[in-house]
Each structure stands twice: as C-alpha cells, then as structure tokens.
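Chemist: Start from the sequences and build out the full structure, keeping to the hints where you can.
Number of protein chains: 2
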Amino acid sequence: MGEFCIGIDLGGTFIKVALLDAALTVRARRQVETPAECGAEGVIEAMAGAAEELLHHRAASSGRVLGVGIGSPGPLDLDAGVVIGMPNIPGFQNVPLRDRLAERLSLPAVLENDANAAALGEYRAGSGQGLRHMVLLTLGTGVGSGIVIDGRLVHGAHGMGAEIGHLIVEPGGEPCGCGQRGCLERYASATYLADYARRLIEQEGRPSSLRELLATGGEITSKDVAEARRAGDALAVEVWDRAVYHLAVGCVSICRVLDPEMIVLGGGLAKAGEELLGPLRAHFERLHWKLAEPKTTLALASLGNDAGVIGAGCVAWEHFGRQH
Amino acid sequence: MGEFCIGIDLGGTFIKVALLDAALTVRARRQVETPAECGAEGVIEAMAGAAEELLHHRAASSGRVLGVGIGSPGPLDLDAGVVIGMPNIPGFQNVPLRDRLAERLSLPAVLENDANAAALGEYRAGSGQGLRHMVLLTLGTGVGSGIVIDGRLVHGAHGMGAEIGHLIVEPGGEPCGCGQRGCLERYASATYLADYARRLIEQEGRPSSLRELLATGGEITSKDVAEARRAGDALAVEVWDRAVYHLAVGCVSICRVLDPEMIVLGGGLAKAGEELLGPLRAHFERLHWKLAEPKTTLALASLGNDAGVIGAGCVAWEHFGRQH
Chain A
1 MGEFCIGIDL GGTFIKVALL DAALTVRARR QVETPAECGA EGVIEAMAGA
51 AEELLHHRAA SSGRVLGVGI GSPGPLDLDA GVVIGMPNIP GFQNVPLRDR
101 LAERLSLPAV LENDANAAAL GEYRAGSGQG LRHMVLLTLG TGVGSGIVID
151 GRLVHGAHGM GAEIGHLIVE PGGEPCGCGQ RGCLERYASA TYLADYARRL
201 IEQEGRPSSL RELLATGGEI TSKDVAEARR AGDALAVEVW DRAVYHLAVG
251 CVSICRVLDP EMIVLGGGLA KAGEELLGPL RAHFERLHWK LAEPKTTLAL
301 ASLGNDAGVI GAGCVAWEHF GRQH
Chain W
1 MGEFCIGIDL GGTFIKVALL DAALTVRARR QVETPAECGA EGVIEAMAGA
51 AEELLHHRAA SSGRVLGVGI GSPGPLDLDA GVVIGMPNIP GFQNVPLRDR
101 LAERLSLPAV LENDANAAAL GEYRAGSGQG LRHMVLLTLG TGVGSGIVID
151 GRLVHGAHGM GAEIGHLIVE PGGEPCGCGQ RGCLERYASA TYLADYARRL
201 IEQEGRPSSL RELLATGGEI TSKDVAEARR AGDALAVEVW DRAVYHLAVG
251 CVSICRVLDP EMIVLGGGLA KAGEELLGPL RAHFERLHWK LAEPKTTLAL
301 ASLGNDAGVI GAGCVAWEHF GRQH
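For the protein sequence lines, the chains are A and W, in the order given. Residue 320 in my numbering is what sits at position 320 of the first sequence, and the numbering runs on without skipping anything. Residue 169 in my numbering is what sits at position 169 of the second sequence, and the numbering runs on without skipping anything.
Treat the hints with caution; some may be incorrect.
Chain copies aren't distinguished; within one or between two, either way the pair holds.
[What the hints assert, rightly or not] Calculated lysine to any residue pairs in the SDA-like style (CA-CA distance at most 25 Å, straight line):
| hint | residue 1 | residue 2 |
| --- | --- | --- |
| 1 | 295 | 93 |
| 2 | 290 | 93 |
| 3 | 290 | 88 |
| 4 | 290 | 181 |
| 5 | 295 | 241 |
| 6 | 295 | 178 |
| 7 | 290 | 160 |
| 8 | 295 | 152 |
| 9 | 290 | 87 |
| 10 | 290 | 82 |
Treat the hints as calculated values from the structure; they're not laboratory data.
Modeler: Structure follows, in structure tokens:
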C-alpha cells in the first residue's frame, strides 16, 4: 500500500494536477482550463474537481494520499495560505486557497509560490537532482526564480525572497513594472527580448528581417528572434546578445551571493537550448571572477511545463511525507 | 559549573581571542600582535598561546571548555579545516590550521571564514539578535560579507558564497582585483572610496579641499572624505554619493534575492554612522521596487571590531554546544 501526494499548479490558462508517489514519479495527471468567468469559487471548484479525479485513481485509492501541495501565482501570504491577489485571474483577492482546498478535499494542504514550486520540482525530480544548492530562472513572460539551499526553498523574511527577476543588472536602465530600473527581467525574459526587437524596428527604424512580421500585423516572439539570429539577421544577433549578456551578469552575481552547484534555465527562452546556453556560457566565463574557474554549472531545465505541478507535489511531500 | 567556547579571530595585524559563556557573553579576552616574521608556525603558536591563557582563566578552569572557533581570512577549505592561502600573512599555504590548533589545545576546533564569523557574531550577539535572516556587509579595505538564513551561514556549494563584495553593481564598470568589473567592493569599500577621491584630484585635476592632504604626501582616507563632505566640499559630496548609490543598488539586489530582515553595515565606512545611513536609506527607498514598502532594515553593526572574535566563539557554540 503506497503513499502519495498531490500537486496542483494553478496557472492563468491551465490547472494541472498530478499524483506523485514517494519516488516523486507521476502516477496520474489531469489538466483542465482555468475558468475565466466564475471568479475564485469557480477556480477552486475546478482545482478540487481535478484533484478528486486523482483521488479516485486506482493507485491512490489502493494507497494513502498524505496531502496536497498548491503552486500559485501571487502575491501570497504563505504562512496563512492566502492568495493576496492574482493579476491574471479576476476575483482572486485575499482568498484562503489552502484551507478552502484542504476542506474541500479533506486533506492537509500547503501553499507555495509557483516559481518556488517549479524550482523544487527541478531540484528533486529534474536537472538539479542530487545537488545541494540550486537556482532556477524561468525566462518567460517575466523572469521567475526559485532558490534551494540545502534542500530548502528560500522565502526571505517577508516572503519576498528569490525574486531574481528583479535583481538590478543595469543600474539606471530600463524601467520595470515593479518600479525599479534595470531589472534582470527587463532584459532576459522572452517577452522583453522580443519587445526590444520591436522597439528597435518601430521606433529606431532599424532594418531587420523581422520587420515583415510587424508589417503584417503580427507580433515578434523570442522564437522569431532566435530564428532570425540563426539566419544571420544583425538586429536579431544584437538583441539576443543583449539579453544573454545581462543574463550572464545576473548569473555571476548569483554565484557571488549563493554559489550554487547549478543555475537551471527554464521558460520560453530556454527552449532555444544550446543557442542560449552557448553564448551565455561565453559571457559568463568572461564576466566571472578569475580567482577560481567557474564551478557553477549553467544547465537547461528538464521538466518543462511540468516543473510547477511536480514541484507542487514535492512541496506536499516535504510537508506531509514522513521521511522528508 | 559553566560551559564555555573560545573564539579566535586571526587578523593581519592582531590575533584576538575571547572566552564566551552559553549566553554568548565575553567572560575574558586577550589580544596579541600577529607575528609577521615566523611564518605559519609562529602565528599558530601565538594563537594557541593566547587561547591557553583563556583556558587558565578562573571561569574556564572552574567549568568546561567545549571547543574552539577560528575566524580566518582565506581562501579556506572549510571542510578540511585548511587555510589555502593568506594574502597578508606570508608562509600560510595549505596549512591545516583547524587540526593544528585542536591538537595543540586538546580541544575540538572548527574553521570559518572571518567575514562569515563576523556575520554570525552580529546575528547572535549584535545588531541581528532575534532575527531569522540577516546580511552583514563590512565596508573596509574591501567589502566583506556574511549571510545568515534561518540561523545558518550560507557557504555555497564550493565555499564561495556570501561574497557580496563581488556582486556586480555596475556592469562594465571599474576593474576589480578579482578579475570582474563593477564589483560592489570597487565602489563601496572605505579604501576604494578614498582612492576614487584621489584619482579625481590627481588625474582629473578636480578642485577639492582634500588636495592639500595629497600635496603634503599624505593619503586620503574615507574619514577625510566624510569630513570634507560635512564641510561642503563638492568633490567629497560627489565621491560619497557615488559610493552610497552603488551600496544602495547592492542592498536592493540583496533584498530581491534574500529578503533579509536586516542588512547590517560594519567596517571603516560604517563609522560615519547616520552620515552613511541617511543618504543610503534615501537611495535605497528610491531604487527599491514599489510593489511593497521596503521591509528590510538597514542598520549599523554593533560589535565593532569584536564581531569577528565573538562570531568565532558563536561558530564554536554552534558546533560544540549541546542546545545548538
């Protein structure tokens, strides 16, 4: 008779749930669309419904489910298990998500920031397996991050730690939505990388093969920039290099503060694989101090879009599992 | 019958030793000059001699001494207890300092980086008492640092963590001895602040009341800059503000990564007290994100030059004390 935990990843588009055994193997999973219309109640009901399906799965029903881990966008009050607000899901203000789900499922639950959950997922079941210290950077719409030190997530004193997307990598630089200037996120997220290409073309009239995309009413994505770069487009080369350079500055600073074994890169931009890693390593080695060879490995995330839900399950195992 | 630990702070100029009781109160202390001539053997003998005096102190001899904590400059191999090298003390290459002292004193010993020891000192017995997460920045010859998370020092995977003096706060900026550019240390240490004033006067011919000091063959110190600033010297105002601005950039980035309750400032520059803290807080609040009010307190260290030796004693208590 096995023991299991359930992970729930609440995203703006999808709710993912997974049943994890003690080896952190996914034994069953479900995915439903995040209801856009019914406010917090609808979302909680969809989450509970998906989780219940897993409870009725034969593995779970022949064993014992110890608890539920929830990965959620924030800001969150982790101690209270409350979602303070959620930019992408209307009606989610001060919702005691943890206790509502615990009650609904008759299982203990724990709430975690989605980026932290993903970091724990990569650490326990992905690229960071077997390490002591790991940092995850998710290069997507913004730059999300999670820090694991000796197996424990870093939350900070006010739940605002591990926000490496807002590390200042260019003082006085690009204004960020957070109110700072020069945040890593403004240079190295997939969204802002593409946005920078668009600005150079539209506002500065720079020539580029990407201009056509804009002229036909389309939008430039980081994937378009990567492709144009591969084809030798000078603007795309410059835009890509600017992002990678600032990412390297951030990685060096992470090494100086935390000295992790590995910095794991996920999110849309990391889909470029070696096209990201190669230039990144070159900048990183150049910018890195010379007191010792770089010892921190830069690597790609391996769980892809499942890092969040697997990580949420790992959070549950950490809280409700006996050996953990 | 009380229990005690001994802290030893190995500095380039002085060796300090202290006997700490379980409340981390200093019950006895000694200070001797660091022998300059006799290599590692002479230094170890001086350390052991000073520690032995404490062992014969009446408090210690009526109780029990549990162990010795050693705070040392590095680089160090902490696990092996070995000093790999020591820039300021010739003859210190690959010296098993921990085991040599343990054998000499017939007591268990533990080796720690001096900046980390000082951070633990401030955390347990200084400005950081009662907190969970704290960062110490020592603004002296360079910028030393220590990070405490949930009562534990951050060492990193390769013993190179908590080197916040080499956080990049100005990409492409001033070249640092470490081989990087734009390190916090190159802007916010007492030494480099004074050096910047000298460069502006000597190389750029800028007018300043500090010029006289240089003309008479003297050197400019950060204290001179602080005094000239107070007297309204425009160059001193600019030099001070440049250092404080970059220190604020570093403090904001520390908050984004670690979100500590407090960043504690020590070292020569921190002797300026409110003259440092006032402008620093202003820059910090301006540069800080607007998603929430700054919650991390910027404060002065309270143990002064004793942070290292008290911290070394705290390290011993953590390792050899029963409750710790």
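Chemist: For residue 295 vs residue 152, is the C-alpha pair at or below 25 Å within one copy, between two copies, both, or neither?
Modeler: For residue 295 and residue 152, the Cα distance is within 25 Å both inside one copy (21 Å) and across copies (23 Å).
Chemist: 25 Å Cα cut-off: does residue 295 pair with residue 93 within a copy, between copies, both or neither?
Modeler: between (43 Å within a copy, 22 Å between copies)
Chemist: Classify it for me, residue 290 with residue 82: is the Cα-Cα distance of at most 25 Å met within a copy, between copies, both or neither?
Modeler: between (45 Å within a copy, 21 Å between copies)
Chemist: Given identical chains, is residue 290 near residue 181, meaning Cα to Cα at most 25 Å, within a copy, between copies, both, or neither?
Modeler: between (29 Å within a copy, 11 Å between copies)
Chemist: When no copy is named, should residue 290 and residue 93 be tagged within, between, both, or neither for a Cα gap of at most 25 Å?
Modeler: The answer is between: 19 Å across copies meets 25 Å, while 49 Å in one copy does not.
Chemist: Give the relationship of residue 295 and residue 178 under a CA distance limit of 25 Å: within one copy only, between copies only, both, or neither.
Modeler: between (32 Å within a copy, 15 Å between copies)
Chemist: Have a look at residue 295 and residue 241 and pick one of within, between, both or neither, based on CA distance no larger than 25 Å.
Modeler: within (23 Å within a copy, 35 Å between copies)
Chemist: Reference check for the pair residue 290 and residue 88, CA-CA at most 25 Å: within, between, both, or neither?
Modeler: So residue 290 and residue 88 pass the 25 Å test across copies only (19 Å; inside, 44 Å).
Chemist: Indicate which option fits the pair residue 290, residue 87 if close means a Cα-Cα distance not exceeding 25 Å: within, between, both or neither.
Modeler: Classified as between: cross-chain Cα gap 16 Å, same-chain 43 Å, threshold 25 Å.
Chemist: Classify it for me, residue 290 with residue 160: is the Cα-Cα distance of at most 25 Å met within a copy, between copies, both or neither?
Modeler: Classified as between; 13 Å across copies, 32 Å inside a copy.
Of the numbered hints given earlier, the model fails none.
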